[in-house]
Amino acid sequence: MKAAVIGSGSWGTAFAKVLGDAGSSVTMWARREAVATEIRERHGNEGSLPGVRLAETVTATTDLAEAVGAAEVIAIAVPSQTLRGNLADWAGLFPADSTVVSLMKGIELGTLKRMSEVIVETAGVAPDRVVVVSGPNVAPEIAAGQPTTTVVACSDEDRAKQVQHALATPYFRPYTSDDVIGCELGGACKNVIALAYGMAVSLGLGDNTRASLITRGLAETARLGVALGADPLTFAGLAGLGDLVASCSSPLARNRKFGEHLGRGESLEQAQIATRQTAEGVKSCLSIRDLARANGVEMPIVEQVERVCHEGVDPRVAVKLLMTREMKPE
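Its first residue numbered 41, the sequence shown is counted upward by one per residue in the numbering used here.
Since the hints were made in silico from the structure, they are not lab data. Fair warning: this is a prediction, and the values are worked out from it, not measured in the lab. Treat the hints loosely; a few may be bogus.
Taking lysine to aspartate or glutamate pairs in the EDC-like style, the calculated list, with each CA pair at most 16 Å apart, reads [unchecked claim]:
no.: 1; residue 1: K201; residue 2: E157
no.: 2; residue 1: K42; residue 2: D137
no.: 3; residue 1: K153; residue 2: D330
Work out the full structure: start from the sequences and follow the hints.
Structure representation (structure tokens):
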């Protein structure tokens, strides 16, 4: 199979590695010529995944038309809030009937749309051409060949299976699903809960607190998902609980790391400088909060994360507010 990966960050690079190891011919698109040259000539991307070697079948270019020209599968791995603006320039280059794979985990600010919805609306592709990949997929671990699993979700079962087979390696096991809504919401919401988890770590809070955040965070996510038509069982699977546990428990997870800096009292700017990565939950907490309110769903953890990130509330105060909410049944 001929595949393209738009984006050369850690997740895009790891995904290209999986595709290459599974036997596909992969062309990555990078913004900077230095990165494209390094991937093309040295088969590595030290800035994103140090020490990782890519298959000889993985190459790179800064010319998007060249990258996607004859691709059967086009995976997009860019920050979620930049997707719409980028697709306005890119969409006309996608081959007819190519499968578009969303690797983004976020909800768009303003429109409150999921990433697959943004792709359909902006790129003019049919919904059954869009595949969502989501699961416990910490990029450095995947790149190191550590065994993991993921979910490949699409309304078209055949396309889901096509991508499933294109990703199957001895260390990367994909499962298919038709619940695109549930998989996308699980991926977006876990970023916000992982920020809260990181704050708890820095505040010195123990396992009881951390387990409570994961469990109640999952409950919030499932409530929103059901309100939007998702299958509640999705949130007990890899794209729900699996992704949430990985993002909260792994010191490598960018949203958890960002939350740790916030928990130490650092500002958003200081945390951004320290982590040097995009923490999708920082912006998505705003759009997820608004999406929940629009659908009459309570998401108290998301609300408090938004207040810490964007209203300057002390994380300790946020914890107190969560613990003193009105008593109710689980």
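**OP:** Measure nothing beyond the straight line between the CA atoms of K42 and D137; if it is 16 Å or shorter, mark the hint as holding.
**Re:** holds (13 Å)
Subject >> 16 Å Cα cutoff - pair K201, E157 >> reply: violated (21 Å)
Original post:
Does the structure keep K153 and D330 at a Cα separation of 16 Å or less?
Top reply: holds (11 Å)
Violated hint for the displayed structure: number 1, the only one.
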